Structures are given as C-alpha cells and as structure tokens.
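Novice: Chains H and V are the protein sequences, given in the same order.
Counting in our numbering, the first sequence runs from 1325 upward without gaps.
Counting in our numbering, the second sequence runs from 6 upward without gaps.
FYI, nobody ran anything at the bench for these hints, they're computed from the structure.
What you are looking at is a predicted structure, and each value in this text was computed from that prediction instead of being measured.
Backbone N, C-alpha and C define an ideal beta-carbon position, used for all residues, glycine too.
Each hint should be verified, as a subset may be incorrect.
[Stated by the list, open to error] Derived list of chain H stretches under chain V, where covered just means 3 residues or more per stretch with a C-beta under 8 Å from a C-beta of chain V:
#1 1333-1343
#2 1359-1370
#3 1411-1423
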Amino acid sequence: MIDPLWWLILAIGAGTYLWRGSFIVFGGRLQLPDLIRRGLNYVPPAVFAALVLPGLVRLTETSQLDGPRLAAGAVAALVAWRTRGTIATLVAGMIVLWVLRALGAQLFG
Amino acid sequence: MVAAISPFGVTAGVAGLDAGIGFELTMGFSLIVFAGASQLAALQLIDAGAASVLVIVTALLINLRMLMYSAHLGPHLAHLPLRWRTPMAYLLTDQAYALTISRVMGNEPPPSSHWFYLGAALPLWVFWQLSTAFGYWAGTAVPPSWELGFIVPLVFLALLVPAVRSRPAAVAALVAGTLSVLGQGLPAGLGLTLGASAGIIAGVLAEAWWRDD
Chain H
1325 MIDPLWWLIL
1335 AIGAGTYLWR
1345 GSFIVFGGRL
1355 QLPDLIRRGL
1365 NYVPPAVFAA
1375 LVLPGLVRLT
1385 ETSQLDGPRL
1395 AAGAVAALVA
1405 WRTRGTIATL
1415 VAGMIVLWVL
1425 RALGAQLFG
Chain V
6 MVAAISPFGV
16 TAGVAGLDAG
26 IGFELTMGFS
36 LIVFAGASQL
46 AALQLIDAGA
56 ASVLVIVTAL
66 LINLRMLMYS
76 AHLGPHLAHL
86 PLRWRTPMAY
96 LLTDQAYALT
106 ISRVMGNEPP
116 PSSHWFYLGA
126 ALPLWVFWQL
136 STAFGYWAGT
146 AVPPSWELGF
156 IVPLVFLALL
166 VPAVRSRPAA
176 VAALVAGTLS
186 VLGQGLPAGL
196 GLTLGASAGI
206 IAGVLAEAWW
216 RDD
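Only chain V is shown next, with the shape it has when bound in the complex (with noise of 0.2 Å):
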C-alpha cells in the first residue's frame, strides 16, 4: 500500500517542477495538502495560468471526498481526545481510510484501532514527502525531451479507469471528458471545473434515470 502511493508522489514532485513553481512550494503542497490528486490538479490549473478561485474550487471539489470519509471514521475515533483526533485528520488519505474502515467496519471498534490507524497513515505521509522530494529532484536530472510532464496525465488515467464501474460513472466521465475538451478556449481552469461539475450532476441524473427502469 505505502509502495502504492508513491508513483503519485513522484508525480507531484515532477509536476511541481513542469509548473516551475521550484521546490519550496512543490513540498509546501505536499506537506500543507498532502492530497495527491488535488495538488497534481491545482499545479496543471497554476501552469496553465487560471484564476486562483478556480484553482481552490477545483482543488476542493476533488478533495470532498473526504468529507465522506471522515464521516464514516468519525464515530469510530470519537472517544479519543482532541489532542489525537486534530494530528489524526490531517493524516486522513484514501489509502489511510481503505485500510481503517475495513478493518473498524461491522464490528465493534477495537481500543486500539487509532494505533491501527496512525500505523496505516504515518507511513504514507513520510512516504508521500519523500517520493515528492524525489519526483522533483528526477524530474531535474532527466532531459526535457524525455517529456516526463507526460505522466501527470497518465496518473490521471490511471485514476480515472477504475473509477468508471456503472454506467453512470461512465456517463459522468463521458460529459465531463467532452465538455473539458469543448472548453479548453474558455479562460484557463473554466472549462475544467465546470465539465467536471456537468460530469457529476450528469452521473446523479443517469443514476435516477436507470433505477427507474
């Protein structure tokens, strides 16, 4: 799982410097986010020149996800002080949640299920800063002919596969891919946000659509 994460943090790092943004600021994102997918987004929105709005909408959007997660972990921390539980939320990841709820879900949470945790989350935070240090340090020693920027993309892609798995998924992807495509004459991030913005209520409304069937 930690192995699993790094791929996403070399990215970061090779993204941070096609933005050319220099390497304060690329271990700033990771270390202050510390949300694979939403830094690699903000950074290709910062490159491509959008508005700062944008680029937070954009960002946060990707990251409500979490919200989701919290919910669900929530009651199974609640009864540690909010000394743990403030350092614990900053440690939440997908990867992080993945491992804790199948573990807390269906039975009564363990005493121990926050060491449970923090064994799942802290090794992927100091995995994530270091594959981010290293992305942006590869990124320096490889030529810009090699056109690393490219597997920012493929990252994506990669995201993007697994999580079409109905056909509303699909039909979400297929009206945001489209509309972000059509828009890209719109000022810079527009198009973005709103075709994934389109994409979702498209995914809701085809969801409907179907289970009325």
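For reference, chain H alone in the conformation it holds in the complex (with noise of 0.2 Å):
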C-alpha cells in the first residue's frame, strides 16, 4: 500500500507549483490585488513567528519550561540578529545547548 503521505507531499508539490506558474506558465495577467500584496509582506514574519516560539516556550501541563532550549533560542537569536548569518546562528544555538545540557548533567546528574 502507498503511504498516504504520498497524497499529502502531491498536494503540497501541485499548490506550490501552481503559485509558481501562476504568472510564468498559466500566464497570469491581472495585477495582484493591493491587499494581498501587502498581506504577502507579513506572511515571513508571522508564519516564522509562529513556527519558532511554541518549539521554544511550552505551557502545555505535561511538558514544563524547557530551561537550556530557551537560553539556546535567546543567543540564537542574538547571533542572527549581529550576523545575519544561518550557520553562525545554527552552530552558536546547538552549542550553548549542548554545554547547558552538559553543565546541567553535572550539577543534577
């Protein structure tokens, strides 16, 4: 049996082919409404937002406040901020993670 996923990866492959032809392939001529041009504007910030802080801030009863994450996330965020770099940010986050972790075995452990 294929995996359903399947189904799901095609979907998501076929709309954003279909953002991606819209005006290339299918010939789109209309001017895009003001409204959604500036909507487009908004949709990083927002869609990153919202994908970066739950990972980072948990209020859910089971789990608590993951303590070395949320330091990690804070110098993440600091470095991209002065570097504006991806590896830089990535390298410094799973650095100051792994140490608390590290500090954290030895102090609790």
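Grab the two chains, each in its own frame, and use the hints to assemble them into the complex.
Specialist: So, in structure tokens, the structure goes:
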C-alpha cells in the first residue's frame, strides 16, 4: 500500500507549482490585488514567529519550560541579529544547548 | 548563494528523520515540493499529528510568496516557449528569484536571461537534493542525545530575525508568536495556522495605522 503521506506531499507540491507557475506558465495577466500584495509582506515574520516560539516556550501541562532550549534560542536570536548568518546561528544555538545540557548533567546527574 | 542554502537542505533531511517518515518520503518532499521553509513546517505539523488540511494550508501559505516572484519574473520570461517555462517554474526559489530579478529589473531583459536564470536555479536544485540526503544520513549517524532536531527551530529563527525589519513586521511576529504559544492546547497545528493568519492581518492593520499617523 502507498503511504498516504505521498498524497499530502503531492498536494503541497501541486499547490506550490500553481503559485510558481501562476505568471510564468499559466500567463496570469491580472495585477495582484493591493491587499494581497501587502499581506504577503507579513507572511515571513508571522509564519516564522508562529513556528519558532512554540518550540521554545511550552505551556502544556505535561511538559515544563525547557531552560536550556530557551537559553539556546535566545543566544541564537542574538547571533542571528548581529551576524545575519544562518550557519553561525545554528552553530551558536546547538553549542549553547549542548553546554547547558552537559552542565545540567554535571550538577544534577 | 549555493552554499547558503545547504544548511536548510541539511535541516530538511534532519527534520524528515526526526518526524520518522523515512528516507524516501523525506527525499520526496525535497524533490516534489522543493521549498525549504514549507517542507520544515509541514514535517513539524506531521510530527505533531496535525490534520492533513492544516498541513497543506500552512505549507501553501508559506509558499504564497512564490506567486509574487512569479508575477515579477513572468513578463521577463514570456518570450520563451512553454516547454521552457514549465520546468523553469518548478525551479523557482527565493534565491533563484533574488539573483535573477536583480539582473533583469530596470533594463530590457537580455535575450539570454533564461540561461542566467537556469544558471542560478539548477545548481540550487542539485545542492538542495544532495544536502537533504546528507542531513538525513548525518542525523542517523549522530546519537539522539545530541538533539540535532533542535536545528529546525534554529533555522526558523535565522529566517525570522531578518524578516522583522519594520514596526508592522514586528507586530505581525509578536501577534503570531503569542497566539501560537497560547494555542498549543488546540488540536495539533491549529495554533500555528491561526496564529500566523492573525499575525499577517495584524501586520497589514499596523501598516495602515502607522501610515495614517
């Protein structure tokens, strides 16, 4: 049996191709409505914030605030802001996480 | 530029492993969707057990910007036959757009602009596939205690920070982030999609508010 996830991937791929091809392949001639054009400016900050924050701040009853992850995220945000570099951000965040985990294991392990 | 996308490709591979969907589906994502941020978001939602509709809506919302790129590049590629434009649309990415638009904007498009576009887009595609495969392999080689999956939120952080470059954008991020944290108790994925949608609306409203000042 085919994994149903393939259909999900195909749907996302087809929809994304529709966006990509809208004006290049399907020859859209209409101007994008002004409201959509303005809304598109705010897709990146809104979507990325909604993806990042729940990973760092958990409010569910079962899982508590994960200090090392929060601190690693804060340091990585600072590095991203100062350097604008993706790799520097990833490296800084992972190193802070590993160091704090190791320290935590030393102190409480 | 090509090197700059590889951390995202590697992350797509790690995220596929983290979500436990297997190597074929992870590569399927990179081959069929070929758009990093939406792939990562979709994998995160699948991992959380979100409804398919939410996964598709969120991924397509993230990729909506391709519509804007397509609208900008379309006129510059309109002279090409359809058999050229069909694969070219598939290869459209943030980076291919950014490289090409800076070259064709402002003056008459040179007749060779499609070669320039392909020269940017094809290496990006190859690197994307290779780095996804590498990320998946690296993820299996590294012990789980390293929490390699944490690079997924870090990648989004690296995308978020430069995206907040105006006051309305900060409002959009703040509203979306707050609501998505508060919405964690909702069925999987709903908090993310609702929070992001509210953030976009808040950004548009904030822009109108500050313009009227």
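Novice: It remains to establish, for every hint, whether it holds in the given structure.
Specialist: Comparing the hints with the structure gives:
1. 1333-1343: It holds, with 9 qualifying residues against the three required.
2. 1359-1370: Holds, because 11 residues of the stretch 1359-1370 of chain H bring their Cβ atoms closer than 8 Å to Cβ atoms of chain V.
3. 1411-1423: holds (count 7)
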